Structures are given as structure tokens and as C-alpha cells.
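**Student:** Single-letter residue listing:
4 protein chains.
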Amino acid sequence: MSEAEAIQFRNDMTVELVKATASDSDVIWAARVSTKGEASLDDVDADPEKARGLINYLMRDRHGTPFEHTSLTYFISAPIFVFREFMRHRIASYNEESGRYRELRPVFYVPGPDRNLIQQGKPGAYEFVPGTPEQHRIVVEQTEASCRQAYGAYQDMLAAGVAREVARIVLPVTTYSSMYVTMNARALMNFLSLRTKHPDSHFPSFPQREIEMVADLMEAEWAALMPITHQAFAANGRVAP
Amino acid sequence: MSEAEAIQFRNDMTVELVKATASDSDVIWAARVSTKGEASLDDVDADPEKARGLINYLMRDRHGTPFEHTSLTYFISAPIFVFREFMRHRIASYNEESGRYRELRPVFYVPGPDRNLIQQGKPGAYEFVPGTPEQHRIVVEQTEASCRQAYGAYQDMLAAGVAREVARIVLPVTTYSSMYVTMNARALMNFLSLRTKHPDSHFPSFPQREIEMVADLMEAEWAALMPITHQAFAANGRVAP
Amino acid sequence: MSEAEAIQFRNDMTVELVKATASDSDVIWAARVSTKGEASLDDVDADPEKARGLINYLMRDRHGTPFEHTSLTYFISAPIFVFREFMRHRIASYNEESGRYRELRPVFYVPGPDRNLIQQGKPGAYEFVPGTPEQHRIVVEQTEASCRQAYGAYQDMLAAGVAREVARIVLPVTTYSSMYVTMNARALMNFLSLRTKHPDSHFPSFPQREIEMVADLMEAEWAALMPITHQAFAANGRVAP
Amino acid sequence: MSEAEAIQFRNDMTVELVKATASDSDVIWAARVSTKGEASLDDVDADPEKARGLINYLMRDRHGTPFEHTSLTYFISAPIFVFREFMRHRIASYNEESGRYRELRPVFYVPGPDRNLIQQGKPGAYEFVPGTPEQHRIVVEQTEASCRQAYGAYQDMLAAGVAREVARIVLPVTTYSSMYVTMNARALMNFLSLRTKHPDSHFPSFPQREIEMVADLMEAEWAALMPITHQAFAANGRVAP
Numbered sequence: 646m647s648e649a650e651a652i653q654f655r656n657d658m659t660v661e662l663v664k665a666t667a668s669d670s671d672v673i674w675a676a677r678v679s680t681k682g683e684a685s686l687d688d689v690d691a692d693p694e695k696a697r698g699l700i701n702y703l704m705r706d707r708h709g710t711p712f713e714h715t716s717l718t719y720f721i722s723a724p725i726f727v728f729r730e731f732m733r734h735r736i737a738s739y740n741e742e743s744g745r746y747r748e749l750r751p752v753f754y755v756p757g758p759d760r761n762l763i764q765q766g767k768p769g770a771y772e773f774v775p776g777t778p779e780q781h782r783i784v785v786e787q788t789e790a791s792c793r794q795a796y797g798a799y800q801d802m803l804a805a806g807v808a809r810e811v812a813r814i815v816l817p818v819t820t821y822s823s824m825y826v827t828m829n830a831r832a833l834m835n836f837l838s839l840r841t842k843h844p845d846s847h848f849p850s851f852p853q854r855e856i857e858m859v860a861d862l863m864e865a866e867w868a869a870l871m872p873i874t875h876q877a878f879a880a881n882g883r884v885a886p
Numbered sequence: 646m647s648e649a650e651a652i653q654f655r656n657d658m659t660v661e662l663v664k665a666t667a668s669d670s671d672v673i674w675a676a677r678v679s680t681k682g683e684a685s686l687d688d689v690d691a692d693p694e695k696a697r698g699l700i701n702y703l704m705r706d707r708h709g710t711p712f713e714h715t716s717l718t719y720f721i722s723a724p725i726f727v728f729r730e731f732m733r734h735r736i737a738s739y740n741e742e743s744g745r746y747r748e749l750r751p752v753f754y755v756p757g758p759d760r761n762l763i764q765q766g767k768p769g770a771y772e773f774v775p776g777t778p779e780q781h782r783i784v785v786e787q788t789e790a791s792c793r794q795a796y797g798a799y800q801d802m803l804a805a806g807v808a809r810e811v812a813r814i815v816l817p818v819t820t821y822s823s824m825y826v827t828m829n830a831r832a833l834m835n836f837l838s839l840r841t842k843h844p845d846s847h848f849p850s851f852p853q854r855e856i857e858m859v860a861d862l863m864e865a866e867w868a869a870l871m872p873i874t875h876q877a878f879a880a881n882g883r884v885a886p
Numbered sequence: 646m647s648e649a650e651a652i653q654f655r656n657d658m659t660v661e662l663v664k665a666t667a668s669d670s671d672v673i674w675a676a677r678v679s680t681k682g683e684a685s686l687d688d689v690d691a692d693p694e695k696a697r698g699l700i701n702y703l704m705r706d707r708h709g710t711p712f713e714h715t716s717l718t719y720f721i722s723a724p725i726f727v728f729r730e731f732m733r734h735r736i737a738s739y740n741e742e743s744g745r746y747r748e749l750r751p752v753f754y755v756p757g758p759d760r761n762l763i764q765q766g767k768p769g770a771y772e773f774v775p776g777t778p779e780q781h782r783i784v785v786e787q788t789e790a791s792c793r794q795a796y797g798a799y800q801d802m803l804a805a806g807v808a809r810e811v812a813r814i815v816l817p818v819t820t821y822s823s824m825y826v827t828m829n830a831r832a833l834m835n836f837l838s839l840r841t842k843h844p845d846s847h848f849p850s851f852p853q854r855e856i857e858m859v860a861d862l863m864e865a866e867w868a869a870l871m872p873i874t875h876q877a878f879a880a881n882g883r884v885a886p
Numbered sequence: 646m647s648e649a650e651a652i653q654f655r656n657d658m659t660v661e662l663v664k665a666t667a668s669d670s671d672v673i674w675a676a677r678v679s680t681k682g683e684a685s686l687d688d689v690d691a692d693p694e695k696a697r698g699l700i701n702y703l704m705r706d707r708h709g710t711p712f713e714h715t716s717l718t719y720f721i722s723a724p725i726f727v728f729r730e731f732m733r734h735r736i737a738s739y740n741e742e743s744g745r746y747r748e749l750r751p752v753f754y755v756p757g758p759d760r761n762l763i764q765q766g767k768p769g770a771y772e773f774v775p776g777t778p779e780q781h782r783i784v785v786e787q788t789e790a791s792c793r794q795a796y797g798a799y800q801d802m803l804a805a806g807v808a809r810e811v812a813r814i815v816l817p818v819t820t821y822s823s824m825y826v827t828m829n830a831r832a833l834m835n836f837l838s839l840r841t842k843h844p845d846s847h848f849p850s851f852p853q854r855e856i857e858m859v860a861d862l863m864e865a866e867w868a869a870l871m872p873i874t875h876q877a878f879a880a881n882g883r884v885a886p
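Protein chains in written order, with my numbering: chain C, 646 to 886; chain X, 646 to 886; chain V, 646 to 886; chain W, 646 to 886.
For reference, chain C alone in the conformation it holds in the complex (with noise of 0.2 Å):
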């Protein structure tokens, strides 16, 4: 039981590179099934300079399958919020905890102070820019308010015996959930080339601050396994195969 468990509030997001098995040179002999006899490509696999043109070919022309030979699983605490517009990605596989088959625990997503909380422009291309220290202040006031009171009426549903899954429809959308998630490594550059931002983009993209701050720290994990892959996605103007 969590009566006795403080309520938590948090900035962060985390990411944990559960296991994998993604490497540059899966691409390479996935996409040299296709041409292997064919002369002028078969030095490829004895030069490493080779295995990067042929990456880079495969990124630019859009040849996608050969990066799908891969598997990536991390485990990801973030706020509701983030899991929402996360899970519309289809192509990947989700196991999240559940509030039904158990006890939700008392941490909280409050915007840190170096969150930008003004939004301007117009719709299709807001920019966010950083608010006082007044508006911040309104903020986590009014965040931690909102989380402490949904938080006891949960508390309360529960004491009164009721059920976790209807008793647990109060709690705000700020609360931190975890999850289980595989991707191959096409559907994660599909992923990171609309959820982060990059000067380098061919095309604009305005992710939410929040599923950035996760797709940077998986980006990075990423591309330790497939640094060849991962340069080539960046010079290739952030575009998934």
C-alpha cells in the first residue's frame, strides 16, 4: 500500500536501453541479398568505406527494408501526456503499466525551469519561447495543486473499496506511467524525424518539449549501436528510409 508514500514531482525523463540487436552491419548483408553476384558491389563487405556509401545509398534512394532487420526495447518513464502521442506510432510494440491491475504510484510531471511555456506564431508554426518567472511560478503551483488533490481523491476511491480502474480516472495526464517499447531501427528514425528538431531537417517538425526530451535520449542510445546508420540519417536531411 502507498498510504504512507510521498508525492513526488519531476522534470526528467527517463530511458533505458533494455537489449537490442542493431548494428550497421545488419543492414549491410540485408541489403546485399539483393545484389550479391553483382560485380561492382561486391567488394562491399571487405571495405568499410564501401559499407558507408552503400548506408548512404540505401538512406537517400529510400530503401527502407534493410534497416528493419534490427530490434531495439526501452524501458521509458514519462508522463501520460508523452505515452499518449507516443503510442500513435503503429509500427512498434507497447507493454505499459496498467492502472488497472495495479496501484498508481504519486510522481508527477511538472515543467521544469527551463521549459519554454509561451507558445507564438501561428498554428502549423508556433515557436515556444521562455516565460516569467511569475508564469513559471503559476505553473508549479498550480500543477502540484491539481496532482496533491486528484492524488488524495484517488487515495480516497481506494479507501472506500473501489475499483483501481474506475477510481484511477482522476489522476492528470502529468502522471508518470512506464513502459516496454520495441522498435526496429526504421520505425525509430520515422519516430525521431517527427519528435525531434534539428536544424539539419529536411522537413520542419514541432514536437511537444516533453517526447522530445525521450527522443533525444533514445537517439543517443541508438546511435552508439549504428553510428555508420545514424550519420547517414543526419546527413541525409533527418528523413526516415
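The set of hints was computed from the structure by calculation and includes no laboratory data. Keep in mind that a hint or two might mislead.
One copy or any two copies: either way a pair holds, since identical chains are not told apart in the list.
Pairs of lysine-lysine residues, derived as DSS-like cross-links and limited to a Cα-Cα distance of at most 30 Å, are as follows [to be verified]:
(1) Lys681 to Lys767
(2) Lys681 to Lys842
(3) Lys695 to Lys664
(4) Lys767 to Lys695
(5) Lys767 to Lys842
The model shown is predicted, which means the values in this text are computed figures rather than measured ones.
Got chain C; can you put chains X, V and W on it based on the hints?
**Tutor:** Quick look at chains X, V and W alone, frame taken from chain C:
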């Protein structure tokens, strides 16, 4: 601005069939492309009773693809916690109202008097039974109080100039949202097999009551469009082909 | 039985739009659910020019989901080697005639006189140029001879009582087949971006000519149903959103 | 060039497990994220017998997602008509050798002496029984003659300078090809449920023998990696969760 908008509490779901191309004959011609010229089947086209037999056979032996050449688009209003479960179904197309692009309205789900509030049994085989009037009173009071508090905090942050995508984080998962969802009949049957509960189901299912309310409304619309397919689905244990 | 059926050689593809629910307004209302209430966008519904602007914006910034609430079903006749490429597109529904359930008819594709027969350049950037009349004559003769030989072998095995699914293994990949395929407009745009070749394409594509013939016919049908979407697709480099 | 390459006739399929991240414990931790904190389940982690019970429960009640955080990559050699059926399975990743990019080798499938050649019964419930030696002789002779004729025509067109993608159209669907395929365990179970035939299957299936040969080899590799999951699959009627 919604400053004058009164908070609403509801306990119903709404489902509207926006458009569809879905009929029993769609299944027949899709299946018949495989077999045309096979004499023993060629009279199916002319004989309604044989059409019924063919659809039943496809359902029973899990020939699923002929059911896919159909499309149903629904407009659904339901609380966020229902959409959270709904969007785990990946063979579907979704567009939901956005708390980033528009101000969310103060409409919240509160369980009605006929909602079973008490969970009994062990994990994986829970049963729900009615709560006492006192338990129901607690649920209504706590939920309404939480929603009022949260929506007030939301409005206060908006009034202070904070971006919608930040202010909305305090809103509870019982806030109503709305979405368009498009599915084919095969994906719909899979959804129904998991999100409704019927005595004649071959496999057990334990949907949360609120998503079952949505699913029941969707099923009624679909059954009217494809009555023979619906009967075959029911007669074969509500197993999606 | 087809014993008296004469062998046919064709060099065309046929594409019939069987049914569809797909219009530009489907895109508008699906996109508008996200933003309704956002004043600067609310006049889109009444103003055709703004509708055009909204669709163009969705295409340009890769908001793909509003294009998914559409469905187009085609009946296509083409050789097996075309269907082999076609069915690599996984966001689609297929039913094809079956060589297990019916006897296949003696209809074969032979390249027409305008089919470029000679491949030049290096892998990944091949170009095709016309063959000589002599080369074309060789292709026609060899293909027709192979098809006649194979179909004779097929008939001989059937006449000996061998199962259809065994006898058909000798038939060449240039044998015509037929299928129903259902796609939404987003999946169709992805298909077209890879299986057609246009000077205004942002990304290069190198479709085999025969699947391009099918894709061109499919595109013409679709463009008539969703002219504003089609123009936006073309104007934005034929990149699927 | 393959001008000196002798034609080969084979009657076997080869399946090699190239790499995998797939174990019974992957299922356990993915399922446990939903329920951690639920006391009655917390001892699963420490108790192998309870782990077995949990996996069996997930299989029986069709909780499919915990089986998805796994990945198996196979390299398969089989005739084109097998790959035609295989690639209808859309929840998978494929890379196949390409007749556009490389010259295809003269290797062909011919049914072996133990292949049942005669089809009996009505559509939807065919049975296969052995052919006579004379029927088998006809199949072998006709198939070999067709393959020799077709490969000769292919070589003649290549020798005349015709593009590979054109010349290959005469090759029969019994020509061997090779591919990498990557699937998760859930998609694999769905594949196996449809492409193998077992007395203990809950739903009937009527796979063509040649794809069943591939599926049996894939199943053996998978069963060794995930023995508890495999037992639960078998014990629950080989129904994919």
C-alpha cells in the same frame, strides 16, 4: 474563450458512423477471386444461402483477408482513458482533437449509477459488482471535485498566458475527447473480440466497462451494414478471422 | 476445363476502380478535429481556397493521418512478377486468384515494342533505353516459346491427375494473375512515390516499367477522386506525407 | 557469368536462424510491467513454475503484446511460389534477392518422392494423398523440362544484351530464391498457426506442403529459444495470442 462555459459531467459515450463502404457482398467478391472457375463454388454468386455458407466458412477457418476490403469511419466522444486503450489497436487510423492546437472543453466522465464499482477475484479473472450508494456517492463527489479543481488550474494557467500544451497537463484522464477512427471489418472484429464481453465468446475478455460501452455502439452500427458477417462472427465464438 | 483455351499474349495491364470512399473533404474534416475552436482555422470549412491551403500544409509538413480515412479498392490484372513487387507494400489488403483453388488461364505478358529493353549505368542508377528490333524479336520469341512449353507441361500434369498446386510450379512469373487491393490514400501515395517515376519527384525512384504501368493507371483514378490532394502531392515532390 | 553453371534440381528447403533476441524471460518482464506491485503476482519473478503459469495464462487469454518484444531473423532458401505465400504475412520484414540487380542461378524445386501429389475432397477441406510412381515420373520430367527450357531462354536473352529484369520473366515460380525475414514471436506464432498442420490445432489449416516445410524448420529453431512459450502455444491449440 470558454471562461463562461459551465462544467459538464456526463456518463455516456457517443458513437456516430460517419461513412462506410462495407457490405456482405464485399466479402463474397473478394473471396471469389481466389476460386472463380472452381465449378462447385460458382453458384455462390447467385444463391444467397450459399453466400451465407461461404462467409461462415471463411470466418470459421480464419480466412481473414476477404473481410478487409471494407472501411468504416466513426466519430467517437469518450474520456481520454478510453482512447488510451483504444489506440493500442494498431490496424486503424486515428485523428483526435489536440490539446496543443485547441482549448479543451470542461466535459468530464463520471460513472453513472449502474456502473459496477467493486472489483472481486484474482488478477486475470476479475469480476465487477455494484457498489453501495455510499461508494457511488464518494466516486461522484471525488471525481467532480477533482475535475473542477483541475479545470480551474487549467484556466488559471491559460489566463496567465501559458501555452495550451503546458496548461493541459493537469487535466484528468476522465476528460472527454473526440476522434475519428477508421477500421476495416477484420480489424473491427478483432477490436470487438477484445473489448466486448459476451457469453458466447470462445475466448474470455475482460474489457473495462467504459470502452465496452463504445464497442457495443460500434458493433450495432456495423451489424446493420454487414448482417451475415455479423451473424457468422457471433456464431463462431466472436473470434476475429 | 480449359483444354481448348488458346494461349494469349498481352502487353498491357488493367486497373479497375471497384469502389472507393475518398474525397478531399475527408481530409479536411479529419484534420479539423484536431483544431476546431482555433479561430484562425475555423473559416477553412467554408472557404475552398483555405481548404486547398490546409491540404497543402498537411502534405508539406507530413501530417499523414488525415489522409488515412479513405479507402480505394482496385481490381488489377498483371503478371505475377508485378504482384511480387506490389505485395511488398504492407499497408494494404490483398486477395489474389489462387493457383491452388482454380486452374490458371494461359495468358502471358510479353513486352511490347515500346518497352525499353537495355539497361545502362551502375546499380542504383540504372537507365533503360530501347533495344534493337532484333533484341525485341528475341524477347518475344523466347518468352512465347517458354510460356507455350510451360503451359503444355502444366496441362500434361493436370491431365495426369496431379494437383493444381503442384502442376502450377512450372508456370513463369510472366503469367497473368488478378487481385483486389484496398488501400487508403496515404498508403497509395507511398506506393506511387516508389512505383512511378516523375521529373518533379523529390526523391528518385527506379520502378520496373511494368509496375509503373499499373501505378500510373491507379494514380489517374485516384486523382479524379481527390484532385486537391493529388495536386498537393505533385506540388510537394511526390513525397507521401 | 553463369554460362558454365549446371542446372540443379532440389526438393528441400533451407532455414538458418541468423540472429535472435528472443527468450521466455522477455515475455515475463514485458507482462510484469503491467502488474508490478500487485502482490499476488510479485513472486512470479522468482519462481520458474509461476513463470510457466503466467506465460500459459497470457497465451490462453490472448494477451499478445508481451510476446512482441522479441526478434528472430532467418535466412531462407525456397522456391518463389513459397515466398509468394510467405510475403502475404505483413507483420514481418523482408529482403529478398532481386532478379533486377543480379543474375538468377539455375536452381529449381522439383517435388520429392514423398510429396503427396493427388488432391481429394472439396474446396476448403482438401486432402492430399500419394501419387503413383507414374504420376511422380510425369511431374519430375515435366518440371525439369520446363525449367531447362526457361533457363535456356533466360540465358539467350541475357546473351543478346537484354536487361535482367526483362529476361527473368520467363523463369518459373519453382525457381529458388533466398531472403532474410525478421519477425517477432507473436507474428511468428500467427504464421505457424496458418502454415503448419497439427492434430492438436484448435483451428484447421491447409498449408501447401512446401511452405509447411519452411515453417516446420522455423518452428524448431524458435522452440529451442523459447521453450516455455512454445509449449504454451502447443498446449493452447496453436492459436496465436
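**Student:** Hint by hint, note whether the structure agrees.
**Tutor:** Hint by hint, here is what the structure shows:
no. : hint             : in the structure
1   : Lys681 to Lys767 : between (52 Å within a copy, 14 Å between copies)
2   : Lys681 to Lys842 : between (38 Å within a copy, 26 Å between copies)
3   : Lys695 to Lys664 : both (29 Å within a copy, 24 Å between copies)
4   : Lys767 to Lys695 : between (46 Å within a copy, 15 Å between copies)
5   : Lys767 to Lys842 : within (18 Å within a copy, 36 Å between copies)
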